[in-house]
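K.L.:
Chain by chain, the residues:
Number of protein chains: 2
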Amino acid sequence: MKSDRATYYAVIFSSQRSSDGEADYAKAADRMLELAQTQDGFLGVESTRGTDGFGITVSYWKSEDSIKKWKSHSEHLIAQELGRTRWYKSFKTRICKVEREYEFESLP
Amino acid sequence: MKSDRATYYAVIFSSQRSSDGEADYAKAADRMLELAQTQDGFLGVESTRGTDGFGITVSYWKSEDSIKKWKSHSEHLIAQELGRTRWYKSFKTRICKVEREYEFESLP
Numbered sequence: 001m002k003s004d005r006a007t008y009y010a011v012i013f014s015s016q017r018s019s020d021g022e023a024d025y026a027k028a029a030d031r032m033l034e035l036a037q038t039q040d041g042f043l044g045v046e047s048t049r050g051t052d053g054f055g056i057t058v059s060y061w062k063s064e065d066s067i068k069k070w071k072s073h074s075e076h077l078i079a080q081e082l083g084r085t086r087w088y089k090s091f092k093t094r095i096c097k098v099e100r101e102y103e104f105e106s107l108p
Numbered sequence: 109m110k111s112d113r114a115t116y117y118a119v120i121f122s123s124q125r126s127s128d129g130e131a132d133y134a135k136a137a138d139r140m141l142e143l144a145q146t147q148d149g150f151l152g153v154e155s156t157r158g159t160d161g162f163g164i165t166v167s168y169w170k171s172e173d174s175i176k177k178w179k180s181h182s183e184h185l186i187a188q189e190l191g192r193t194r195w196y197k198s199f200k201t202r203i204c205k206v207e208r209e210y211e212f213e214s215l216p
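Chains A and B supply the protein sequences, listed in that same order.
With the numbering used here, the residue at position 89 of the first sequence is 89, and numbering never jumps.
Numbers in the numbering used here are just positions in the second sequence, counted from 1, shifted up by 108.
Any given hint could be a false lead.
Dumping the calculated DSSO-like pairs for lysine-lysine here, alpha-carbon to alpha-carbon at most 27 angstroms [said to hold, decoys possible]:
no. : chain 1 : residue 1 : chain 2 : residue 2
1   : B       : Lys-177   : A       : Lys-97
2   : A       : Lys-97    : B       : Lys-135
3   : B       : Lys-176   : B       : Lys-197
4   : B       : Lys-176   : A       : Lys-92
5   : B       : Lys-200   : A       : Lys-92
6   : A       : Lys-27    : B       : Lys-205
7   : A       : Lys-27    : A       : Lys-69
No lab work stands behind these hints, which were simulated from the structure alone.
Given these sequences and hints, build the entire structure.
P.N.:
Take a look at the structure:
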């Protein structure tokens, strides 16, 4: 099924967790998710992490402007700093324009 | 760090595994990864799946044309069909143009 949804954007955040601060991290990740959902232009998020500590979170946004605003949100800036100093060994962020999409759902 | 890499594309494949065919699935997933790496325009792949069976695989490509060719590769078509009939409850594929990126790596 092709979607005729208006143009939107995806932020692909790939990260390798350090072994530090699991409890802090889980709490902050939940809080960031909660906060992101209240931002203008937020459309949704998908996230998963394997047992090796490598994770991918993709958030979806109406515009590049909404992504920039979220990136500079004061509480998010604090989490980003803790991410760099504590929670992540490495990460990469890619801001992408979704060109087309299709999906599949099996019959129940 | 901003990258000045040429334009490239990301295919975000988000999927929910069914409980079927774990051994077949793992073997086919390995084979598809191996095969993708030999395709023209393939740049890389990141993949992870949580214990709940939800996974995200993002593959990176030089052009939309290279993505189309991979999608219609004969061996990949067979895997796609098995994906729909057997391995996945649901999935969504998004073809995206990477607009910008930045990354972080902690000091050793």
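K.L.:
Now, for every hint given, state plainly whether the structure supports it.
P.N.:
Verification of the hints:
1. Using a Cα cut-off of 27 angstroms, the hinted pair Lys-177 of chain B and Lys-97 of chain A holds, with the two alpha carbons roughly 21 angstroms apart.
2. For the given pair, Lys-97 of chain A sits about 32 angstroms from Lys-135 of chain B by alpha-carbon distance, which is inconsistent with the 27 angstroms threshold.
3. Taking the CA atoms of Lys-176 of chain B and Lys-197 of chain B, the gap is near 24 angstroms; set against the 27 angstroms cutoff, the hint holds.
4. Taking the CA atoms of Lys-176 of chain B and Lys-92 of chain A, the gap is near 25 angstroms; set against the 27 angstroms cutoff, the hint holds.
5. Between the alpha carbons of Lys-200 of chain B and Lys-92 of chain A the distance comes to roughly 22 angstroms, so the proposed pair stays at or under 27 angstroms and holds.
6. Only pairs whose Cα atoms come within 27 angstroms are accepted, and Lys-27 of chain A paired with Lys-205 of chain B is rejected, the gap being roughly 32 angstroms.
7. For the given pair, Lys-27 of chain A sits about 22 angstroms from Lys-69 of chain A by alpha-carbon distance, which is consistent with the 27 angstroms threshold.
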